[in-house]
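**Student:** Residue-level listing of the chains:
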Amino acid sequence: MAEQYPILVLLVLLFGALLVGLAGMADRRICFPVTVTALALALAVSLGILQRVINEGVIRYFVAGWSRPVGIGIELRIDTINALVLLTITTVGLLAAVFSFRRVKEDKTEKTPLFYILYLLLIMGLSGMVITGDAFNLYVLLEVSSLTSYALIAMGKSRRAAVAAFSYIIMGTIGASFYLLGVGYLYLRTGTLNMVEIHQAITGLEGVSSAIVVAFVMIIVGLMIKMAFFPLFGWLPNAYSYCPSSTSCVVAPLMTKVGVYVMVRMMLTVFGTEWVFENLQYSQWMVGMAVIAILAGSVMALAQVELKKMFCYIIVAEVGYMVGGAWLANHWGMVGTVYHIMSDAFMTLCMFLAAGIFLKQAGVVRIDQLDGMFRKMPLTMAGFVVGALAMIGIPPTCGFFSKLYLIRGGMESGHWGYVVALLISSLVNAVLFFRIFEIAYFGKKPVEGHGHHADHSERSVIKEARLSALVPLLTTAVIIILLGIFNQDLVDLIERSLKGAEVIGSAVLSGEGGLG
Amino acid sequence: MKWVGLIAVLFTGGLLLSAMDDFPKWGDAHSPANASPVSQYYIEKTIEDSGVPNMVTAVLADYRGYDTMFETVVVLIAGIAIMAILRVMNQIPGGARPSPRHEIGDHHDIIIGTTCRLLIPVLQLFALYVIAHGHHSPGGGFQGGVILGASFILTAIAQGLDPALERLPEKSYVKLAFAGVVIYSGFGVMCLLLGENFLDYGVLHVLLPGIDAAEARSHSMLGVEVGVAFTVSAIMFAIYANLASKGELEGGL
Amino acid sequence: MGEIFKQYVIDHFNFWIAVILMMIGLYAMITKNNLIKKLIGMSIFQTAIILFYVSAGVKDGATIPILEHHAVEVEQVEMLAAAAGHSPSEHAASGHESHAINPDDYSNPLPHVLMLTAIVVGVATLGVALAVSQVIYKNYGTLEESEILAKIKAAENDG
Amino acid sequence: MIWQFDIILLIFLVVTAVISLRVKDLLAASMVFGTYSFLICLLWAGMGAVDVAFTEATVGAGISAVILIATVYNTRRDSSD
Amino acid sequence: MPEVIQTYTPLWACLSALLAVIPIILLRKESFLREGATFVAGIVMLGFVISMVPEVLSGKVLECMLVQITRDVPIKFRVDGLGLLFALVASTLWIVTSLYSVGYMRGLKEHSQTRFFAFFAVSLTATMGVAFAGNLLTLYLFYEILSLATWPLVTHHQDKEARSGGRKYLTYLLGTSVGFALPALIFCYVKASATGLEFSTAGFLVGSVEGATALVLLLLFTFGFSKAGLMPFHSWLPGAMVAPTPVSALLHAVAVVKVGVFCIIRVFTGVFGLEFLKELDIAIVVSWIAAFTVITSSLIALTQDNLKRRLAFSTIGQLAYIILGVSLLTDRAVMGSMTHIAMHAAGKITLFMCAGAVFVATGKKYISEMDGLGRKMPFTFAAFTIGALSVIGLPPTGGLISKFYLVTGAMDAGQPLLVTVFLVSTLLNAAYLLPIAYRAFFPKDRQLASQPFSWKSTAEAPWACVVPICITAALAIVLFVKPQLLLKLASLMVTGTG
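Chains as they are written, first to last, in our numbering: chain A, 455 to 970; chain B, 194 to 446; chain C, 13 to 171; chain D, 6 to 86; chain E, 100 to 597.
Bear in mind the hints are in silico, worked out from the structure with no lab data behind them.
Some hints could be false.
[Stated by the list, open to error] BS3-like cross-link-like pairs, simulated, lysine-lysine; straight-line CA separation at most 30 Å:
id	chain 1	residue 1	chain 2	residue 2
1	A	K814	C	K165
2	C	K150	A	K611
3	D	K29	C	K18
4	B	K195	C	K150
5	B	K195	A	K565
6	B	K364	C	K150
7	C	K163	A	K611
8	A	K565	C	K150
When you get a sec, could you build the whole thing from the sequences and use the hints?
**Tutor:** If you want it as structure tokens, here you go:
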């Protein structure tokens, strides 16, 4: 069975969705267990995939058995980078699904099964995007995940959810179409859709083909819209803050990160880092834009009064981290980017889970409504604090190490502006989160003077979150710390793929120094 | 906004056109895309592999069947998404909703009603033909499914949404849509269970005595197309029904 | 000059039209005020991309990618012969050159397949977007972007 | 493929696209968009992409136009641009 | 290279405080048991620390690998003379402070005592972690944990003043550590990751940096560890005095600020290495910044009427002594710096606890209100006098010894101007500390002065407050009589066996 793992991840999720659709429509109670079971199975399988990749190297799975000549069928291709991202996706999916438990219980709506169907298909789409080795298949799965996320966002109760979803649809479609167009240019010039084959064809071409360059630009711009890179991020804050909590918990951590992953995949596997960094001298520009993205995201985050909006702008800044890291054109930048994809997914998940809990338990939308939260819900705040510390970059959380590697990459390649931007953004995050801590710690009406016996009294109506919300939050917090502590193992795994001679074969990323 | 848009569009267009000199001549049979081993393989080996003359169908349902499965899923998602966004679920607990029943043809033009009554069976028959004959002529699950869905939409337009929904109620079309994807992925899973890769139909010949792998592929493609047609027809109708009635599934246009 | 014009435009005029349509669609998507207009623009944009792909698969003098009947028969005769006498692998090895099917005679089927998917994706997106715009109309009573934004602003100032 | 026919089609294509975006009546815009879809489907049929043309004829000219009209019917017919 | 012993003792010393958090939270309803847990943990911790003394004295180094967190740089503990010296100071004073805080907190019926004790224990864990940190990364890790864990302590009162004090506290500490120390750390990581960033007498940066880069790096570190209160990043310290006095005492006389200077000493001795710094000839910049801080803060201290604020500025000055000492790079000056950590700790904690005791007993905060209080609280003010002598550096207190080393070290360095700085500031110290003690015993007010002293009219703070004060005052004297252990530990670091 082990050789079927790649397809099993998707099938488990697909059949979960189908089961919810066929049986869950009749009895809403089975939706949640089916969803969680499917996601847990997917998580188990993706663990199995990681295990196999570690033991055997790159997994190539030819759907329908069409393996020769490469490219007539569709290939699923998994190296350690996708295996890790896949694991991240399924884990985040499972945790956010557990968080959505109360949706079934409390929202007495007929739409619960629809929500879970879309949810499972979203995770399936994202997983499929990550493991596929075919450029067009990636587009189809991109649309699977986009359509589901449009719907999930539009399901929000807020009046503005629909408007946000509409602009997301427009921007998302432009992004996906640009990607499709880029793939079209690639296909026209290389005659294949298989990523590895495209790479071989590109390296076989003499000189720099302008069609390939245009293809690259279109694909990257399309992905930038999808990942909300700086000038193209306008759709993100509204879309992620007006959707239901259970949606934002899965969409916010995953969508942008998968976008970044696809960009990395394009740079590594499809175009090849040598081609990207040596033939195209875009590195300076892209890092410069990333610097602007980081600073702009941070500054705009400072200006927000709404919790979720603030997190959204932090995401914009974090995307800047990752894009900048990938374009540093050296080993540590790329390692940092891939590592940050994982750590940022969990940090964002932590933030949005906490925001969801605050909203549910206390109706908190704005930051200043968080007063006294440490006393009212200590466990939630504990989880939130861990996530916030990771965002700031305090060791031993994963946020520290991703910054460490990214800054190392920046220093080695001499992009000092990027280094400074990262540090400024860390400081801004520190300001942002300590503002929240302060409000949550002190409360609006401070306890004046000494001798106040408030230890066990004063339990207001706001209570600690339920178990179904706390468990994912605290698990996420633990994962954030574990990712930090075991970062070396992760980096080893990432490096294994970066050094994989088969596709990259480049001195650029193999760790023997950058391009200088 | 207009100027920003214009500049962005002109920039994009200029970028796209800038690569024209690098393109193979239009209609060049030896361009990289057309002369690639992949596309030549499709043209040369389709018959050998599955005996299906329509290469598009073969590529769609067999070589790149994985894409097509997700395409079906996309259609399913569209339907589910529209229901999730738009559907107004105002069921009165414990009782059937009081719906103003329309008589068939009620306040609709008699000429249209009659024409449709004549046209719809033909349309549906043609849809089935398109689905079934996709191996040999243009057509297949998508086209047939859309035509089938269109026949229901025609019913709804000609006679009102309620009569159409009586023929194909919401519960049924949702089930139908899911059944389509189940059929498609079910073929894939059967291949898995028989020990081959997902969607490797060739192995299914062990289930059907008296045929070889190529024929098994051909038949499986037909099965898969039927699944696609189920989903597509159901969802096309679902989209129309929801959009035409603002999600209330009553009244309609 | 004429040579360059030929090289850039005449040889690729389908691509030119595709790009022009794309620009029209994209411009409408970005600048139109009415949501339905944006969606029509989106559909035009998508069909233009499809046109681009389909153009990529065109071969001069080739026919539709459905094997002609005689070719099928030749093929089947060969296969029967193979089944009778030779092993399939032998057939594959020997029969390759003598194939009745010439790839140049048929359009490239792959872009067609890809674009079937793209059309379906397009209509799915359109459907979802239309549903969303109906919800917007229900909430705000208009489909003009500027009016919606004004109403949002007004609501924000009230609250 | 007859190139004159091709050119005429392509010109009409651009014209219908522009009209459907310029006309202020959304119902008319939807109808013209249906025409556009039909024209482009003819073009594809001419290029040998029969399956694509078939699909576009059913989906683009059929379903897309119908659901656009359904939405226009349920919302407002006039637009500012 | 010194002999290395692998042992988990430093880990246990660290964990003994951390694990105490669990019983503290579980026993929150039983206040006696809760505080008992704190004591037990403190004694256990001290036991572990003392158990390491003989081996370190014999010139060995204890190491404890925790986790290989990045390829070259692990999280590890490494106990040498300096670390052990600091750990000894911190763990001894923790016990004393725990006792004191029981009296203080109960005396004032403070709220949220469980939280207080829990975070106190966490802070101690972090302090131990800093003391035993084997490399720069570990040091930074525990440094940050300490900043965060002390924030709830600083803002304990949760009122407006605490809010602004706490905000200032975190802004300065986190701002500088993320803004300065982190880039410096990463720069080291980039330049010298092969060395594992491990502290060694030679310094792991040897040969990796030069010229202006080295100076920038040194300054980034010096200002980055702003717990040391070097100007211009000092103003969090007076601000943080809003904390309950035990916090001020332990954390702002002992743990937090001393962690700051400890880190800077580590940077000088372990990261750059004294020899390498001499070669680079850049430390003099730091010397002058420190000298400026010494004089300025002493002058500011003179003007303060709030006792705790005056002590806070005094602390800033004394911390700058330590930095000044180490930046002189001569053996005796560095030894003086290290011993001054302990000497100043003993003296200053006495002073702070006295201030707290006065507040508990009389509610007075301002020096101008303390006329004649010595008659009411003789033990407290006797201890205050001893503490003041120690901070000034007069016999019979330990302060003399470290100051002696510092001054002679400055002479060795051939910096007569800096010697003058030491001497002038000593005078200033005397000027702002001694009058307090003097007026407490000999008030200006005739009426107060003419009252005969009687034991019956004394009104000391609760015994749990007074006893620790006496202990620390005694400690200051003991350190004068028997400074050998500290000197030995400090000399291990400068003679190259550490």
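**Student:** Does each hint fit the structure? Answer for all of them.
**Tutor:** Outcome of the hint check:
Taken as a hint, the K814(A) and K165(C) pair is honoured in the structure, with Cα atoms around 26 Å apart against an allowance of 30 Å. About 13 Å separates the Cα atoms of K150(C) and K611(A), which keeps this hinted pair within 30 Å; it holds. Distance restraint check for K29(D) and K18(C): the Cα-Cα separation of roughly 38 Å exceeds the 30 Å cut-off, and the hinted pair is therefore not satisfied. Distance restraint check for K195(B) and K150(C): the Cα-Cα separation of roughly 27 Å lies within the 30 Å cut-off, and the hinted pair is therefore satisfied.
Distance check on the hinted pair: K195(B) and K565(A) sit about 39 Å apart at the alpha-carbon level, beyond 30 Å; violated. Under the criterion of a C-alpha separation no larger than 30 Å, the hint pairing K364(B) with K150(C) is consistent with the structure, at around 25 Å. Distance check on the hinted pair: K163(C) and K611(A) sit about 17 Å apart at the alpha-carbon level, within 30 Å; holds. Using a Cα cut-off of 30 Å, the hinted pair K565(A) and K150(C) holds, with the two alpha carbons roughly 19 Å apart.
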